[in-house]
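First to last, the sequence lines map onto chains A and Y. The opening residue of the first sequence carries number 0 in numbering that gives the first Met the number 0; numbering runs sequentially from there. The opening residue of the second sequence carries number 0 in numbering that gives the first Met the number 0; numbering runs sequentially from there.
Simulated from the structure, these hints should not be mistaken for laboratory data. Treat the hints with care, since some could be wrong.
DSS-like, lysine-lysine: derived pairs with alpha carbons at most 25 Å apart [stated by the list, open to error]:
1. A:55 / A:95
2. A:64 / A:90
3. A:25 / Y:90
4. Y:6 / Y:29
5. A:64 / Y:149
6. Y:29 / A:25
7. Y:25 / A:25
8. Y:25 / A:137
9. A:29 / Y:90
10. A:90 / A:29
11. Y:79 / Y:90
12. Y:25 / A:149
13. A:6 / Y:36
Protein chains: 2
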Amino acid sequence: MKEKISKREAIFYSHKMAQLSKALWKAIEKDWQDWIKPFQLNINEHHILWIAYHLKGASISEISKYGVMHVSTAFNFSKKMEERGLLQFSKRENDKRNTYVELTDPGIELLEATLNEYNPEDNSVLRGVMPMTEMYGKLPEFLDLSALIKEIYGDEYIEILERSLENIEEEPLVQQPTDIEDYKKKSRSS
Amino acid sequence: MKEKISKREAIFYSHKMAQLSKALWKAIEKDWQDWIKPFQLNINEHHILWIAYHLKGASISEISKYGVMHVSTAFNFSKKMEERGLLQFSKRENDKRNTYVELTDPGIELLEATLNEYNPEDNSVLRGVMPMTEMYGKLPEFLDLSALIKEIYGDEYIEILERSLENIEEEPLVQQPTDIEDYKKKSRSS
C-alpha cells in the first residue's frame with residue numbers, strides 16, 4: 000500500500016469516504032427514525048426485531064454482528080422488548096451457550112405493521128437514486144460499496160444480509176397497492 | 000417512482016442500503032476514534048477542527064451542515080474547544096449574524112499533529128479497497144455514492160467537500176513526523 004499511495008492521498012481519500020459515509024448514514028438514520036417513531040421503537044429496537052424476524056430467530060451475537068451494534072446494546076434493547084412482550088429469549092438444544100431471540104406474535108404484528116406503514120416516497124435514498132435509476136434503467140447496485148463491506152466485515156456479513164433479503168422476497172409480508180406478481184415475474188426474469 | 004418500483008422492492012433496496020451504510024460508517028467511526036484518542040478529542044471535536052482548518056474559518060452553520068451534525072452539537076463542542084484554547088469565535092464584518100470559528104495556533108498545531116499521526120495501515124477503508132485498487136489500477140471512486148449524496152444534500156455539500164479536499168492537496172501540511180509523546184505532554188499541561 001505504501002508504495003502506491005502517498006500519505007496525503009490516503010488522508011484525502013479516507014476523509015472523502017468519511018464525509019460521504021457519515022452523510023449517507025445520517026440521512027438513512029433520520030428517515031428510519033421518522034418511519035418508526037409512531038410505533039414507539041428506536042432504531043436499535045427496530046433493527047433487532049427486523050433481524051430476528053428475517054432470520055427466524057437470531058442469537059444475540061448474530062444481532063450484534065449483523066446489526067453492527069455492541070453485544071450489550073443488542074442484549075439490553077432485546078431485554079426491554081422482552082418486557083414489552085415483543086420477543087422472547089430461548090436456548091437452542093444444539094447450542095446451549097448462546098441466547099436466542101425470537102419474536103412473539105405481538106412482535107411479529109408490530110414489525111409487519113411498520114413494514115406496511117413504510118412509504119418509499121419518504122425515503123431520501125430512494126428519492127436520491129431516481130436520476131441514476133432513470134439513467135441506468137435500474138436501481139444502482141453500489142457493487143463497490145458491497146465489495147468494500149465484504150472486505151471489511153467478511154463474507155459472513157454479506158451472507159446474512161443476503162439471507163435476510165431473500166426472506167423479504169419470499170414472504171408475503173407486505174400487502175401493498177402495487178402488483179407484486181408482476182414484480183416477481185420481472186425479478187425472476189432479470 | 001411508484002410506477003417502476005414495488006413497495007417490496009423499495010423495502011428490500013432501502014434495507015440493503017441501510018445495512019451497507021451503517022456498516023461502513025461504524026467502521027469509519029471506529030477507526031477515527033482510535034486515530035484521535037491519544038489527542039483527547041472526540042470525533043465531533045476533531046471534525047470541527049478539520050472543517051474550520053480546511054475552510055480557513057467556518058461558521059457554526061457551515062460546520063453543522065458540512066459535518067452533518069446538529070447546530071447545537073457544533074456550537075457546544077466548539078465552545079468546549081474554545082475553553083481549551085484550540086479555537087476562537089468571531090463575527091465577520093460582512094456577516095454579523097453568523098458566528099465564525101477559527102483555529103488558534105495551538106488548534107492548528109493539534110490538528111496537524113493528528114494528521115501527522117495518521118497511519119493508512121490502520122484504516123479499514125483503505126485496507127478494504129486494496130483488492131479493487133489492484134483490479135482497477137486506481138482507488139475506486141464510488142461515483143454513484145457521490146452522486147447519491149449530491150442528490151440528498153445538494154450541490155453545496157459536494158462543493159464544500161471538494162473545496163476542503165483541494166486544500167489538502169495544496170497545503171504542505173503533512174511533512175514532519177511529530178513526536179506524539181511530546182504533543183501529549185503539551186496537551187496535558189494545557
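Against the structure, the hints:
With a CA separation close to 18 Å, the supplied pair residue 55 (chain A) and residue 95 (chain A) stays within the 25 Å bound. With a C-alpha separation of about 19 Å, the suggested pair residue 64 (chain A) and residue 90 (chain A) falls inside the 25 Å cut-off, and the hint holds. With a CA separation close to 29 Å, the supplied pair residue 25 (chain A) and residue 90 (chain Y) exceeds the 25 Å bound. As the CA atoms of residue 6 (chain Y) and residue 29 (chain Y) are separated by approximately 34 Å, the hinted pair breaks the 25 Å bound.
For the hint linking residue 64 (chain A) to residue 149 (chain Y), the alpha-carbon distance of about 30 Å lies beyond 25 Å, and the restraint is violated. Pair hint residue 29 (chain Y) plus residue 25 (chain A) holds up; C-alpha atoms about 16 Å apart against a cutoff of 25 Å. For the hint pairing residue 25 (chain Y) with residue 25 (chain A), the CA-to-CA distance comes to about 12 Å; that is within 25 Å, so the pair holds. For a cut-off of 25 Å, the pair hint linking residue 25 (chain Y) to residue 137 (chain A) is broken: about 28 Å separates their Cα positions.
In summary, the hint linking residue 29 (chain A) to residue 90 (chain Y) is not supported, as the alpha carbons are separated by about 32 Å, beyond the 25 Å threshold. In summary, the hint linking residue 90 (chain A) to residue 29 (chain A) is not supported, as the alpha carbons are separated by about 35 Å, beyond the 25 Å threshold. About 18 Å separates the Cα atoms of residue 79 (chain Y) and residue 90 (chain Y), which keeps this hinted pair within 25 Å; it holds. The hinted pair formed by residue 25 (chain Y) and residue 149 (chain A) meets the criterion: a straight-line CA distance of about 14 Å does not exceed 25 Å.
At roughly 20 Å between alpha-carbon atoms, residue 6 (chain A) and residue 36 (chain Y) fall within 25 Å of each other, so this suggested pair holds.
The structure is inconsistent with the numbered hints 3, 4, 5, 8, 9, 10, although it conforms to all the rest.
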